[in-house]
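Go ahead and model the full structure; you've got the sequences and the hints to work with.
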Amino acid sequence: MFAAIIMVTVGFIQFCQGIAAVADDEVFVRGIDYVYKFDLTTWGWIHLVLGALVAIVGLALFTGAGWARVSAIIVAAISILANFLWLPYYPAWSLLIIALDVVVIWAVSTWNPDQDLRDGNFRSTDTSTR
Numbered sequence: 001m002f003a004a005i006i007m008v009t010v011g012f013i014q015f016c017q018g019i020a021a022v023a024d025d026e027v028f029v030r031g032i033d034y035v036y037k038f039d040l041t042t043w044g045w046i047h048l049v050l051g052a053l054v055a056i057v058g059l060a061l062f063t064g065a066g067w068a069r070v071s072a073i074i075v076a077a078i079s080i081l082a083n084f085l086w087l088p089y090y091p092a093w094s095l096l097i098i099a100l101d102v103v104v105i106w107a108v109s110t111w112n113p114d115q116d117l118r119d120g121n122f123r124s125t126d127t128s129t130r
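Under UniProt numbering, the residues of the sequence shown are numbered 1 to 130, in order.
These are calculated hints, taken from the structure and not from any lab test. Where a beta carbon is used, it is the ideal one built from N, C-alpha and C, also for glycine. Treat the hints with care, since some could be wrong.
[Claimed, not checked] Label-pair ranges, simulated between beta-carbon atoms:
{"no.": "1", "residue 1": "TRP67", "residue 2": "THR9", "range": "17 to 23 Å"}
{"no.": "2", "residue 1": "ASP39", "residue 2": "CYS16", "range": "16 to 22 Å"}
{"no.": "3", "residue 1": "ALA65", "residue 2": "ASP39", "range": "17 to 23 Å"}
{"no.": "4", "residue 1": "MET1", "residue 2": "LEU96", "range": "17 to 23 Å"}
{"no.": "5", "residue 1": "TRP111", "residue 2": "THR9", "range": "27 to 33 Å"}
{"no.": "6", "residue 1": "THR41", "residue 2": "PHE84", "range": "18 to 24 Å"}
{"no.": "7", "residue 1": "ILE5", "residue 2": "TRP93", "range": "14 to 20 Å"}
{"no.": "8", "residue 1": "VAL22", "residue 2": "THR110", "range": "33 to 39 Å"}
{"no.": "9", "residue 1": "PRO91", "residue 2": "TRP45", "range": "17 to 23 Å"}
{"no.": "10", "residue 1": "ALA65", "residue 2": "THR41", "range": "34 to 40 Å"}
Structure (structure tokens):
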């Protein structure tokens, strides 16, 4: 649940960051030229799409489905890459998002639903199985 909440939050904020980059290029500092430099409007659209994708996968992660867990790891890894490339424009924010994405990957990849059942951490209305 923690990873899903973090993903939805990060996706929403990345979406807002994309809106800021598309709407007003003067919000971000333009530094020196880099090999992977795109126009800020292009970066804005990348963050809009990525933010929406992260939020959607975060919502799907609430179901606990296997495909949602795999998708969450893939999307978080893509988000790490995009924010690494975004570092010259907004370094503090990029490092924060990278750290949160690493936490999401860790939380999703170490969660074992079978262990929760063995430990008795389940919600059941049937008390005869206890």
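Has the hinted range 14 to 20 Å been met by the Cβ atoms of ILE5 and TRP93? At roughly 19 Å between Cβ atoms, TRP93 and ILE5 fall inside 14 to 20 Å, so the hint holds.
Given the hint of 33 to 39 Å, is the C-beta distance from VAL22 to THR110 inside that range or not? For VAL22 and THR110 the Cβ distance comes to about 36 Å; the hint holds.
Just to be sure I understand the hint, the distance between the Cβ atoms of PRO91 and TRP45 should be within 17 to 23 Å; is that true here? Cβ of PRO91 to Cβ of TRP45: about 21 Å, so the range 17 to 23 Å holds.
May I ask you to test the hint 17 to 23 Å on the CB atoms belonging to MET1 and LEU96? Once the Cβ atoms are compared, 21 Å apart, the range 17 to 23 Å for LEU96 and MET1 holds.
Could you see if the CB distance from ALA65 to ASP39 stays within 17 to 23 Å? 37 Å, violated
Quick check on a hinted range of 18 to 24 Å for THR41 and PHE84, using CB atoms only. 20 Å, holds
Is it true that the C-beta distance of TRP111 to THR9 lies inside 27 to 33 Å, as the hint says? For THR9 against TRP111, whose Cβ atoms are near 18 Å apart, the range 27 to 33 Å is violated.
A range of 16 to 22 Å was offered for this pair. Does it hold for the Cβ distance of ASP39 and CYS16? At 19 Å between Cβs, range holds.
Using the C-beta atoms of TRP67 and THR9, is the stated range 17 to 23 Å upheld? Distance hint for TRP67, THR9 holds at roughly 22 Å.
Starting from the range 34 to 40 Å, see whether the pair ALA65 and THR41 falls in it by beta-carbon distance. 35 Å, holds
This entry does not satisfy hints 3 and 5, going by the numbered hints stated previously.
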